[in-house]
Amino acid sequence: AQSVTQLGSHVSVSEGALVLLRCNYSSSVPPYLFWYVQYPNQGLQLLLKYTSAATLVKGINGFEAEFKKSETSFHLTKPSAHMSDAAEYFCAVTRAYNFNKFYFGSGTKLNVKP
Amino acid sequence: EAGVTQFPSHSVIEKGQTVTLRCDPISGHDNLYWYRRVMGKEIKFLLHFVKESKQDESGMPNNRFLAERTGGTYSTLKVQPAELEDSGVYFCASSWDTTGNTIYFGEGSWLTVV
Numbered sequence: 001a002q003s004v005t006q007l008g009s010h011v012s013v014s015e016g017a018l019v020l021l022r023c024n025y026s027s028s029v030p031p032y033l034f035w036y037v038q039y040p041n042q043g044l045q046l047l048l049k050y051t052s053a054a055t056l057v058k059g060i061n062g063f064e065a066e067f068k069k070s071e072t073s074f075h076l077t078k079p080s081a082h083m084s085d086a087a088e089y090f091c092a093v094t095r096a097y098n099f100n101k102f103y104f105g106s107g108t109k110l111n112v113k114p
Numbered sequence: 001e002a003g004v005t006q007f008p009s010h011s012v013i014e015k016g017q018t019v020t021l022r023c024d025p026i027s028g029h030d031n032l033y034w035y036r037r038v039m040g041k042e043i044k045f046l047l048h049f050v051k052e053s054k055q056d057e058s059g060m061p062n063n064r065f066l067a068e069r070t071g072g073t074y075s076t077l078k079v080q081p082a083e084l085e086d087s088g089v090y091f092c093a094s095s096w097d098t099t100g101n102t103i104y105f106g107e108g109s110w111l112t113v114v
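From first to last, the protein sequence lines stand for chains A and B. For the first sequence, this note's numbering begins at 1 and goes up steadily by one. For the second sequence, this note's numbering begins at 1 and goes up steadily by one.
Fair warning: there could be bad hints in the mix.
Said to hold, decoys possible - These stretches of chain A come out as covered by chain B in the derived footprint (C-beta under 8 Å, 3 or more residues): (1) 40-53; (2) 105-112.
Claimed, not checked - A few chain A residues that don't get close to chain B, going by computed Cβ distances all over 12 Å: (3) Leu18; (4) Phe63; (5) Lys69; (6) Ser70; (7) Glu71.
Said to hold, decoys possible - Keeping only pairs whose Cα atoms sit at most 20 Å apart, straight-line, the calculated SDA-like set for lysine to any residue is: (8) B:Lys41 x A:His10; (9) B:Lys41 x A:Thr108; (10) B:Lys54 x B:Arg22.
Derived from the structure by calculation, the hints contain no laboratory data. Glycine included, C-beta positions come from ideal geometry on N, C-alpha and C.
Just chain A, with the same shape it has in the complex:
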């Protein structure tokens, strides 16, 4: 079975500070992992995905995530937060046989303070 745990439903950082959003997964088979972002009044947008290639994945808007099998983690980071990063972020896991059947975490709302 697949599941995802996102630690922290709300994270607040200052503009320019490091962003770290945590995601741990459980999967009975090698997983594919994703981060999605939802800006207010918009749909879900793919930030980045891990599909068993390089363990450090770079995404859009300066975000990146590292797949750590030993820790079953896929934390999302960005070196310097911008006001425009304020949104809700979702970690998700899926499997190769139905790539688009996602198991999402409960989401983390990122607040960026000026």
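Dock chain B against chain A, hints included.
Below, chain B alone, put in the same frame as chain A:
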């Protein structure tokens, strides 16, 4: 190119009434998915269409929910009769296939049952 379009964007209905949500996928996308996020919880898979056929409906919560995709184009999700716990955001998504090509999400239909 138009994205995934969902109607209505917001709906408020009374308990016991019927609501029908519609999703227009990106033209040519055979795969169509419905997901739901109940308030404060994770986004959960409801079902997956391939063209007009239900490939996987393991996430449908109960028989008050009926999804259709006649002709393999747009899809509807009917809730009848609606209950308070059905309140949440219903996301539709579409993709060319299930092998890893990008899946596109709509902006969601917000349903409030009072």
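Each hint tested on the structure:
{"no.": "1", "hint": "40-53", "in the structure": "holds (count 7)"}
{"no.": "2", "hint": "105-112", "in the structure": "holds (count 3)"}
{"no.": "3", "hint": "Leu18", "in the structure": "25 Å, holds"}
{"no.": "4", "hint": "Phe63", "in the structure": "17 Å, holds"}
{"no.": "5", "hint": "Lys69", "in the structure": "20 Å, holds"}
{"no.": "6", "hint": "Ser70", "in the structure": "25 Å, holds"}
{"no.": "7", "hint": "Glu71", "in the structure": "21 Å, holds"}
{"no.": "8", "hint": "B:Lys41 x A:His10", "in the structure": "13 Å, holds"}
{"no.": "9", "hint": "B:Lys41 x A:Thr108", "in the structure": "11 Å, holds"}
{"no.": "10", "hint": "B:Lys54 x B:Arg22", "in the structure": "16 Å, holds"}
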